[in-house]
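**Student:** Now for the letters of each chain:
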Amino acid sequence: KDSVDCSMQHQQITHSGDSDSIKVFVRVRPLTQGTGLTTDGDQGLCLSVTSPNTIRLHSKPEPRTFTYDHVADMDITQDSVFSSVAKNIVESCINGYNGTIFAYGQTGSGKTFTMLGPSDFDNFTDDQRGVIPRSFEYLFFLINREVERSENAKSFLCKCSFIEIYNEQIYDLLDSASASLFLRENIKKGVFVEGAVEKFVTSAAEAYQVLSMGWHNRRVASTSMNRESSRSHAVFTMTLESKETAKEVVNIRTSQLNLVDLAGSERQRDTHTEGSRLKEASSINRSLMCLGQVIMALVDVSNGKSRHICYRDSKLTFLLRDSLGGNAKTYIIANVHPGSKCFGETLSTLQFAQRAKLIKNKAMINEDTQGNVR
Amino acid sequence: TEITNMASTYSHEWRAVCDKFNNAQDLSEVESRKDPENDPFRSKYKARELLREIYCSLKNFDVGENESVNDEADQRPTEQPVDGGMEDGFGRGHCGDSPAGSRAAKLGAVEYYLGVNHVETEELSAGEEHLMNCMTLLEKCSISPENVSLFIQVRNQLGILWAGRDEIEKAQGFLETAEAMYIRYMKEDGQPPMDLTEFFVAEEEALPQQERTKRFEMAYTHTLYYLAQVYKNLEQYEKAGGYCHSTLQRQLKFNQFIPLEWAINAATLSQYYITKTLYMEGRHCLSAASVIADLAGEVPSEAAAQESEAEAEKRDQLRQKRAEIARCWIKYCLNLLQDAKKLLEDNIGELDMDRQAELRATRLQEEEEKERGRKSAVLFGSSDTFDSICGLEEKVSCVFPVDFEEARAIFLVGQTYVNQAKEYFEMDGHVTDHIEILQDHSALFKALAFFEEDLERRCKMHKRRVDMMEPICKDLNAQYYLLVCRQLQFELAETYYEMMDLKLAVANKQDDLDAHTVKKFNHLCSSSTKFYQMFLDSVRSPEGKWPDKLEDEVLRPALVAKFRVARLHSRLISSSKTVQLENLNRALECYNFVVQYCKDNPEAKSAIETELELSEEMVSLLPLKINRLQANLASSN
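These protein sequences, in sequence, are chains A and B.
With our numbering, the residue at position 257 of the first sequence is 258, and numbering never jumps.
With our numbering, the residue at position 368 of the second sequence is 377, and numbering never jumps.
What the hints contain is simulated information worked out from the structure, not anything from laboratory work.
Small disclaimer: the values here were computed from a predicted structure and weren't measured.
Note that the Cβ used here is the ideal one computed from N, Cα and C, for glycine as well.
Please note: incorrect hints may appear among the correct ones.
Derived pair list, reagent style SDA-like, types lysine to any residue, alpha-carbon separation capped at 25 Å [as the list claims (entries may be wrong)]:
1) LYS190(A) with GLU625(B)
2) LYS431(B) with ASP314(A)
3) LYS316(A) with LEU631(B)
Residues from chain A that keep clear of chain B, each with C-beta distances beyond 12 Å, as calculated [as the list claims (entries may be wrong)]:
4) ASN89
5) GLU152
6) SER256
7) TYR312
Only chain A is shown next, with the shape it has when bound in the complex (with noise of 0.2 Å):
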């Protein structure tokens, strides 16, 4: 009898793949006036950029170096930011992947720049135009290849969602009149956002137009709702069915491309642990906030039993789990300002890009010891 036991245990964070594991890109943006970021005088540089994927950050005593998978210095331009994170995501996505791409960085980093181009929605066919446009119009170049080369046997179906998450609650950025929506699971259908509107789009320029259209919403319901843009975090999911017939064999796939704009990390600092700082004791006092925090803490060290946590994930993460070391491939896109002002926050968004490259998976193997083969 064998009783050698062997279960895999599910974590906090699900499977990825070596070659799927988080992919980091980070990005200095140039230093230019008028930001706010740098003093005027002030043209000290906190870091540079030391080889194509070293970064070293001027600190005190010493000197830091990070590394990742890609450091664009200043003068990147925006078609190879394109090639390097968009472009194998996309033709993957045509493959029936999930794919997602994350923009992280302070307010000012140059997020926007990367993601949508230089002053948003006229650009379209700008040469500084970004990863989003250029990814619309990548899509649709392959599917349209597709088709061809398939004679029409291959169609493709794409349809997209763009919502908000702001204080843990969502928001239907193509429909700015519903309330706030709700996270499901489905066994067919893995995480959605119940009720969330679709729209189907044929084309890059269609899918521009969707996207600009939530882009306003966004920014009306954050003047006219008191919502911070800043504080919340944008999701624009493209879902793409293929559907390929042959010899009256009908073969549908479908796949996911998530386009993120996270929260400025400068606002991140609320939510994420702020090392040794302890949590006061809220006014109304009988709340103490963080002490399931703290226990959750000294739970989440005693490795190897089965335990139940009460705490439920964030909604970005619960809804992108797949991204977060789930079944997809995944680019974050860390955006630093090279001024000496911003040094705290380029290190905190570096240290931030540095922890996500080890979100992986831990499956992980339990073992009876007292086991034997016989």
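Use these hints to put chain B onto chain A, whose structure you have.
**Tutor:** Chain B only, in chain A's frame:
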């Protein structure tokens, strides 16, 4: 006359001070919440000005009366008092309730409020200075009911301040001193002390005793709450756990909690105890969590939820949190069974009778010690809830079960909670959670099966596991739930394997194998193979290619699966020699795979030592058997 004169000016000026103080409190606590975003500290700055004025008035009051105090208070201390050392603030200088002591406390209180004000407006150094001034003033006083709150609260604030600067040890010093002061005060004096706000109210407005107690105890609860965080940050987890427990306990005792929040925290703490094999404490936390969660009220009906959004939210919250607590209970039962199994099993995973007798004997001894241990354990419960908590505790044991009957009792409790948890975490809407609960249910069966001596019945228990997992494994979309799919496939393969083993053991007791048994046995073999194969296929790329190098996470499971598939093939029973030959060849192929993989990737060896050794043996033995069979087959043709 001189005295009355003084009293009247005093009382006149005193009233002004009290008014100012009230005003400052109001600005700081209430008004400040309405401050505009571009001027966030407006009210706090106003409050600060008032506090400064109060400070000046106080200094003028007693001039002449207590010159010595005045002088001392004016001097900047050459050496700042630092906590964490031996000094504990008892029995130094003048009496806490002497006029000089009272004056020092009042000035100290203003310094305290100024300190907090500066900290809140992000001027940490200035805040620290004020708080340290408060410490200096108190330095000269012995602890009394008048100033003990101030002694403790100023240290709470300094603890928070220093932790924010990453100087945890410094924070720890202040907070531990505060803790020691509370304990000693309660031992030596214990009457409800004055609150900080009472320094600045007219005598007739003094707080009732009950309110004084409440506020004082609350400040100390905060000390413990901060210490829990400090110890966590210092990675002293055991201590941190203890302080979390005490914090929860005090919240309950002084009725200062929000039921659902408290219940979830207690349930989480139970999981900490479980991972430390402290089942008595774990059970206590869970019982308290269940009882307190019930205080949060009735679950609104579905109809009510459809009527109003507030009711809908309340319904969801209550149902969810109670389901979460049920899931913590499941883990309690599961771990208790699994740990007992570990203690009781022999080297081939069967129940060891000697150990069983041993465990029975030690348990008797423990029963006696339990009485003592119980008293020293920290218990939850106010007078209202204590009985309900104990009542719930009695429904499930906290000692390791030694036989089937005892194991079954724990299993049944676990199963009840499985059903409770599933009511909220339905498959439609909560796929991952629902499956996790099913996996626990299956694990409960597995652990229980260990205690079952009748092999047929044991087999039936495993069949139950198959029945709950197999349909889901088929339906689940692997694109979104790859890891869960793999877990289910692997577990199903193992379960069938286990059943095959049991069938074989039963059959071996009989003399001859009838056709029906053989058929059944072969069916179990191929079912097991099928799921191992599904798991192995999930490791391939979408183009169907086997990876050159297995990822760490699947390395061992994948090689074990290959190994098991090999054994399953060699075990299939067939009367046809051709089929036998086919099966043996397949088995050899799989053994070869394991051996070859470890040759190509030597780092994998350590992960599957035993299986590798056996595979190597089989790779050298099987060809002989195959050759013999081949020869046999050729000659019979």
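**Student:** Which numbered hints turn out to be false for this structure?
**Tutor:** Failing hints, ascending: 1, 3, 6 and 7.
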